[in-house]
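S.K.: Read top to bottom, the protein sequences are chains A and B. The numbering of the first sequence is my numbering, which starts it at 65 and goes up by one. The numbering of the second sequence is my numbering, which starts it at 65 and goes up by one.
Simulated from the structure, these hints should not be mistaken for laboratory data. Please read all numbers here as calculations on a predicted model, not as lab measurements. You may find that some hints are simply not true.
A pair holds if it fits inside one copy or across any two, identical chains being indistinguishable in the list.
[What the hints assert, rightly or not] Simulated pairs of lysine-lysine, DSSO-like, Cα-Cα distance not exceeding 30 Å: (1) K811 x K368; (2) K174 x K745; (3) K391 x K473; (4) K307 x K811; (5) K120 x K745; (6) K423 x K745; (7) K530 x K649; (8) K473 x K117; (9) K368 x K307; (10) K666 x K652; (11) K423 x K252; (12) K252 x K136; (13) K119 x K473; (14) K168 x K473; (15) K652 x K723; (16) K649 x K666; (17) K745 x K149; (18) K473 x K120.
There are 2 protein chains.
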Amino acid sequence: MKINTSVLHLCTFLLAFSATTYAQNHNSEKPVQTAIVEQNLDENSLFDQTLQKIKKEVDAEIARGIDVPIPKDLAGGYTHERHKKNYATAQNAGDLYRIEKDEKYAIYIKEMLLQYAEMFPELPLHPEERSYARGKLFWQSLNDSNWLVAMSQAYGSIYDYLDKEERNQLEKDLFLPYADFLSLENPKFFNRIHNHSTWGNAAVGMIGLVMDNEGLVNRALYGIKNTNISEDARDDDGGRILKPGQKAGFLANLEEAFSPSGYYTEGPYYQRYAMYPFIMFAKALEDKRPDIKIFEHKDGVLIKAVNALLNLTDADGDFFPLNDAQKGMSIYNQSIVIAVDAAYYYGDRSPGLLSVAQKQGRVTLDEAGKAVAEAIRSGEIQDFEKSSMNLSDGPLGNNGGITILRQGKPGNNYSLVYKYTSQGDSHGHYDKLSFSFYNEGEEIIQDYGFARFVNIEPKNGGGYLKENTTWAKQSIAHNTIVQNETSHFEGDFDTGSNYNPELYFSDFAPDDIKIVSAIDTNAYTGTKMHRTMVMLENELFQNPVILDIFRLEGEKENQYDLPFYYQGQIINTNFEINTPEQLQKLGKENGYQHLWVESSGKAAESNTKFTWSNNRKFYTLTQVLDKNDEVILARIGATDPEFNLRRDPVYISRKQGVKDALFVSVLEPHGSYDPVTELGKNSFSQVNEVQVIKNTTAYTVVEITGYDEQQILFLLSNKEVSRDKKHQLTINNEEFSWVGPYIVINK
Amino acid sequence: MKINTSVLHLCTFLLAFSATTYAQNHNSEKPVQTAIVEQNLDENSLFDQTLQKIKKEVDAEIARGIDVPIPKDLAGGYTHERHKKNYATAQNAGDLYRIEKDEKYAIYIKEMLLQYAEMFPELPLHPEERSYARGKLFWQSLNDSNWLVAMSQAYGSIYDYLDKEERNQLEKDLFLPYADFLSLENPKFFNRIHNHSTWGNAAVGMIGLVMDNEGLVNRALYGIKNTNISEDARDDDGGRILKPGQKAGFLANLEEAFSPSGYYTEGPYYQRYAMYPFIMFAKALEDKRPDIKIFEHKDGVLIKAVNALLNLTDADGDFFPLNDAQKGMSIYNQSIVIAVDAAYYYGDRSPGLLSVAQKQGRVTLDEAGKAVAEAIRSGEIQDFEKSSMNLSDGPLGNNGGITILRQGKPGNNYSLVYKYTSQGDSHGHYDKLSFSFYNEGEEIIQDYGFARFVNIEPKNGGGYLKENTTWAKQSIAHNTIVQNETSHFEGDFDTGSNYNPELYFSDFAPDDIKIVSAIDTNAYTGTKMHRTMVMLENELFQNPVILDIFRLEGEKENQYDLPFYYQGQIINTNFEINTPEQLQKLGKENGYQHLWVESSGKAAESNTKFTWSNNRKFYTLTQVLDKNDEVILARIGATDPEFNLRRDPVYISRKQGVKDALFVSVLEPHGSYDPVTELGKNSFSQVNEVQVIKNTTAYTVVEITGYDEQQILFLLSNKEVSRDKKHQLTINNEEFSWVGPYIVINK
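One chain only, chain A, in its complex shape:
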C-alpha cells in the first residue's frame, strides 16, 4: 500500500512524452537513431518490465561471450540455434543501447558484426541441400533473411557509434553482399508473392534504409525487374514460384497477400509469421521514408491485418488453425507483440489493443511500445471486443473468405469459423465450406491443423511430414463434404488455386441470430455445394445452437461423407454401434487410409443423435438422416508408421448413390459436469426433433422442436439472395411470407 514517489515522476513524464515524441520523429528530415527514454519508468510499466527482462537476457549472453561458428546444422542443431541466438541478442542489445546508451551493448554488437564480416566473404552455401533456396548461415534463405532483418536493426542502433571505416567494412564485406545474395542470387526466393519473399524484401530493404542505399530499398519495394525463373518452378512445399503476370517486391506482397479486410491468404498461422517482416520494414520505412505512407498503403491494410489476426483467435488467444498451422500458436508470439504495438501507435490508437498488449505482458522497446505502456498506465485500456465478422480473401477481396460467428456469455462463449476462402497458396488445405467450433478456448469440432512438429528434430528435422500431404491437407481431414472418397479438386494444387467458393449472404445484425451461407461449384465438377450455418440463440435451448444446412446438387449419383471431428468422450448415441473384432481402414487413399473404423452402421430412425462430453460440458449433434444413411465412428491413426498423427476421433454421416443430398445437423452445447462436486447437469439434449419440412431448389425449411413442444422454423431461399426480395411459401396449409434470403420463426 506504499505510495511511491516514482508514480508522480511517471505522470509528469508521461504528459511530456506523449505529446511530442511521435511528432518529432515524423517531422525530422533525415532522422538519426536516438535514445527514446532518458530514464526508467516505474516498475509497473510494461516498458520497464520488458526492458529489465531483456537486459537480463542480453547481459547473460554478453557474459557468455560471442561465438560465430561455421554453419553446419539444421534447425535444432548447434550452429543453427547459435546464429539465431546471435541475431536476436544483437537486436535486443541495439534496443538497450538506444535506451541506455551503455557502450558495452554497442561494443558487443560491433564485435559480433565484425566477426560475421570476417567470415562472410569466403562462406559457401550451407552444406544442407534440402531447400529450393539454400542460405549461407542457415540451410534456407528464409532464416538468413530473419538474420538480416534483425541485424539491420542492430546495425541501425549503433550506426552513429561506429566510425566510417567500420561501417565501410561491415557494408562492403557483409551487408551489401548478403543483401545481393538474398535477392539477385536468389530470385526464386526474393521475387515471389509469399511470406518467404516478404522476409527477403524486408531484409534487403531494412539494411538498405540503414545504409541509405536507395538501390537496395527500391529492389526491396518493387522486386527484381528481370529474372529467368521458369514458370514451372516450385518451392519445397510444392508451391508455385511464379504466377503469370505477377508483380514482386514488398509493396506487391502487401497488395497481393492481404485482402482489403486484412486477411492473409495462407491463413492466420502464416500471417503471424509474415507480420514480423511486414511490420518491421513498415516501421523502418515510416521512419526513414515517410513519403511512402506505408501504413496508409492499400487503405491502411497493415493495421487492418492486425485487427483481422486478433479476431482469428479463440478465447485463449490461440489462432484458429486454418490451412497449415500449428495449434497453440497465439497472440503471445513476439510477432504479434510487435504488430499490436505498431497498430496502436501508427494506427488510430484503439484502446482495445491495449488490453491485448497487457495480456501479452511485454511491449517493443521503441516509440510504439512506449506509447502502449503509457496508455495502459494512464488507464485508457479497454477490452478487445471480438464479434461476428466476414474477412474477405484475395487481393481485391473477391476470392471468398472466412466468416466467424460468435455468441455467448462469460464461461460459454462460442465461436464458429466457416471457411470459403481460395486455396491459400502452398499452405492451403482442400477444405471448401469447412468449419470448426469452439467454446471459449476449447475445440469442440476441431480443425486438424498441419502434420508437423516445428523445430522438434526427431520428427523429420522439424519439417513438414509426409502425412501433411496424405492426411492434413485432404478433404476428409476437415469438417466438410467429401464426394466419392476424393478430395476437393482431386487434391490438385493448380486446379484448386483457380477457384474459390462464393459468399451467398451473411447477417450478424439480429441479437439472437448470426448466419452465413456460401456456395461452391468447383471443388467437384458437376456438383454444387451450398452450406448455411446459423448460430441461433433461443429460449428452447440453454445455449446457442448451430444449425448446419448442407445442400448438394449433383449431376450423377455420388457418395457424400460429412465428418465432424468432435473432441471428447462419447456419452450416448441413439443409433446402434457395431464394434468390430478387428479395426479396418476406412479407405485406401485421399486421407481415408489414415482412419480406423471403430463402428459403422445404419443411421437411427427419424433423428440420429450423438452426445459427447468435452471439458466438463456436453454437446449433442442431432442429424436428419435417412434410415439408409450410414454413421461411421472412426479414429485417426491408420497407415501412420511413425505415429505422426494424433489419435483423434470423428463422426461421419454418409449418403450413398444419390445425386442430390441434404445434411441438416443441429450442434447443441448443453449442461455441465464438475468432477469435484460430481454434479452432472443436463446431460441430455434439449432438442426433441429436427425435421426437414421442405427442400426444393428454391427453398429449404427446417423445423426444430424442443422438449416442451415449442418449435422454431428456419426458412431459407436457395436461389434468391436479395435483401429486398419478398418470399411467400405455403407449408401444410400455413402461409409464410418474409423479406430477404432467410427467416427464423418461433411458433
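Keeping the supplied structure of chain A fixed, place chain B upon it in accordance with the hints.
M.R.: Just chain B now, kept in the frame of chain A:
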C-alpha cells in the same frame, strides 16, 4: 489503496476471539448450539466470503419454496436431486441461523422437517430395487444417511428454537424411525467396515447427539450387537459384508479403515468421501461427548488422515486415482474443506493447512472455519509442504502401503506413487507393485482410475460400468507386471484380500536420492516380484530420472508383460514399429481384450528407447531388454461397445518363456517445447546407455552412462535389507563396498 477502518475492527476482534472461543466450547458441560459470530468480519475474510455465498444460495432456495416429493428417481432424476438439495440447503440454513439469528432460516428448516415428518411414517422402500441396502428417500441407504447427517446438523441448529412439542413430533415421526431404519433394519449396511457404514454410523450418532439419545449414540459408536448377516453376504460392488470376527460401529471403522499413518485402505478417492462423516461425527462428538476424545483416538488418526490425504495429491491438488477413483476429484471437494478446517482447529494448528484452505477459497461456517479464516488474515499462513513419504496400509500398519517419491523444482516437480497396499476392499484393483508418475499436475505415466461416469445418467445411471471389472480393475490396466495374461490373484477378490506385498526398504534422506523397494510373493503363486524404484537427481541429467528395477523369480517358465501407460505424443523410437493393416486385440480376457495392438515387434539391440512429449515437455523410457523380447504399442478401446473407455496408449515390454526376468527401465524427463516461440530444447534423451552389470539372487547392479561418458552405478542387495549390513562386491576387478541395502556411486 484505501485503508478501511474495518481492518482495525477485525484485528481487535481476532485477538479477543482466538484466545477464548475454543476453550469456551470445550469446557461447557452440556453446550447449547449458539451463534458463533456477532458481526461480520471484513469482506476479505474467507469466513465472510463463504457466508455471503451460502446466504445467497439459501435465500434463493427459500424464495423458490419447499418441495418434498414422493421418492421415485435414481441419481440425476428429479426427486433424487430435490432431496439432496433439500438437506444441503437445510444444513446451510442452520449455519446461517446460528450466525445471524434470522428467524426465517429457522422457519424454513422447521417447515421442511415437518413435511418430511408427515411423509415418513407411511413411506415404503424406494421403488428402485438395485441396491443391496435400499433406502427410503433415495434408492440406497447410503444417500439416506447423507440426508440424516446433514439434517441432524440442521435440526441441531434450530433445536433451541423449536418448542418441545415440535421436537417430539420430529423425533417420533421422523428422526428416531429413520435412525432405526438405517441401523436395526439395515444391519448389512450399518454393521460393516466400509464407507457406507461410516455414513450410517455418523447419521445415527449425530441425530442421537442432538436428541440426547444415548442408545443411538452407542449404537453408532459400537455397532449393533447381534445380527443375522450371512458370511457370504455381498454388497453391490461384490464386496464382502462381513469378515470373521469383525467389530462394527464408528470407532471400529475408525480403527479398521485407517492405518496408523492415516491411509484409508480403499484409496484417496473414497477416503475423501468417508472423511465427511468421520469428521462431522467427530466434531459433534467433540462438542457433546468430549470424554471420548475422538480426535485423539488411535493416536490422533483422524488428523493424520487429513495430512495423508493432502499428500496423496498432485501439484494441482487432484487425488492420485488409486483403486476405484474418478480423476479430477481434488482438495477442492467440500469434504476436504471440512477436513482441513477441522484438522487445523482440533489438531495442532499447523500453518501449512492454512494455505490449503486459502486455495480452497472457503471455510466451514463454524468455530473451525472461523479459526482458519482468522489465522489466514493474521498472516500465519505457510506453504503446505509435500515431501517423500511412506503411508502404511492396514489397521495396524502392517499390510503394505503407498510410497510417494518427490523431487524437483518449480515448474518441474515430480511425484512418483508406488503402490504395494492390500486389496483395498471392494474398491481395490489388482495392481501389486504398480506405479504412476506425475510432473506437476500432469500425468506422465497414468493410473487409469475407474470406469464410471459418476452422476452422468446416460452412462448406466452414473453407476459402475461393466468395463470397471473387465478393464479398470485388471492388472494389465496398470503399470505393473502381468504374468501369462492373468491378473494378480487371478482377479479373485477373496484371495487378493488375504495378502499384501511387503515394503523391502525405503530411504528419503539423501538430497539427491529417493528410493523405495517392495516385494510381492502372492499375486502369482510360485513367482516372486521385487520392484525397486529410485528417483535420482544427478548432474548427468537435466531433471531427476526414475530408475525402475523389476526382478522376477519364477518357478516355471512364464510370459511377463510390463506396461507403461504413457500420456502424450510419440516423438521417437529406436526399435522397429510394425504398423498393421488391421488392428487386432492383444488378448481374449483379463483386460487384454480391451487393447488394440498398434505395433508389435522385437526390442532394439542393447537399449530400447521410447520418447514422447506431454504438455510441452519430453520424456524418454530407456529399457534394458533382450533382443528376443517384444515391444508392443497398444491402445485402450477394443471390446468396448458403448465407448466407455478412454482411447489412451500404452507401451508394453514382454518377455516370454523365462522363469526369472529382470526389467530395468530409466524414465527420464527432458527438454521442453513452446508452441508460441516454437523453440524445442533437448528433444533427445541424455541417457547414452543403461547396462545390467550384475544380476544374482544376492545383488543387482545397474550402470547408467550419460552422453559425456560419465557413469552412475546403482548397487542393490536383493536379500539383505539391514541398514547396518556391510556389503562387498567385485565387478570387473573393481571392488565395491558399502553399508545398507543399496548404494549409488558416481564414477
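S.K.: It remains to establish, for every hint, whether it holds in the given structure.
M.R.: Hint by hint, here is what the structure shows:
In the homo-oligomer, the alpha carbons of K811 and K368 never lie at most 30 Å apart, since the shortest distance is 42 Å inside one protomer and 62 Å across protomers. For the identical chains of this complex, K174 and K745 are inter-copy neighbours only, at 29 Å across copies versus 65 Å inside a copy, given an alpha-carbon limit of 30 Å. Taking the closest pair of Cα atoms, K391 and K473 come within 30 Å of each other both inside a single copy (25 Å) and across two copies (28 Å). With identical chains, the CA atoms of K307 and K811 are never at most 30 Å apart, being 54 Å at best within one copy and 64 Å at best between copies.
Taking identical chains as interchangeable, the C-alpha atoms of K120 and K745 lie at most 30 Å apart only when they sit on different chains, with a minimum of 20 Å there against 50 Å within one chain. Taking CA atoms no more than 30 Å apart as the test, K423 paired with K745 passes between copies only; the shortest distance there is 25 Å, against 33 Å inside one copy. Both within a single protomer and between protomers do K530 and K649 lie at most 30 Å apart by alpha-carbon distance, with minima of 18 Å and 28 Å respectively. In the homo-oligomer, the alpha carbons of K473 and K117 lie at most 30 Å apart only across protomers (21 Å), although the nearest pairing inside one protomer, at 36 Å, exceeds that limit.
For the identical chains of this complex, K368 and K307 are intra-copy neighbours only, at 26 Å inside a copy versus 75 Å across copies, given an alpha-carbon limit of 30 Å. Taking CA atoms no more than 30 Å apart as the test, K666 paired with K652 passes in both settings, with 22 Å inside one copy and 28 Å between copies. When the C-alpha separation of K423 and K252 is checked against a cutoff of 30 Å, the pair qualifies neither within a copy, at 39 Å, nor between copies, at 58 Å. Taking the shortest Cα distances, K252 and K136 sit within 30 Å of each other inside one copy (23 Å), while across copies they are farther apart (76 Å).
In the homo-oligomer, the alpha carbons of K119 and K473 lie at most 30 Å apart only across protomers (25 Å), although the nearest pairing inside one protomer, at 41 Å, exceeds that limit. In the homo-oligomer, the alpha carbons of K168 and K473 never lie at most 30 Å apart, since the shortest distance is 52 Å inside one protomer and 34 Å across protomers. Within a single copy, K652 and K723 get their C-alpha atoms as close as 23 Å, which meets the 30 Å cut-off; across copies the closest is 45 Å, which misses it. For the identical chains of this complex, K649 and K666 are neighbours both inside a copy (18 Å) and across copies (25 Å), given an alpha-carbon limit of 30 Å.
Only between protomers do K745 and K149 lie at most 30 Å apart by alpha-carbon distance; the minimum there is 13 Å, versus 52 Å within a single protomer. Taking the shortest Cα distances, K473 and K120 sit within 30 Å of each other only across copies (21 Å), while inside one copy they are farther apart (41 Å).
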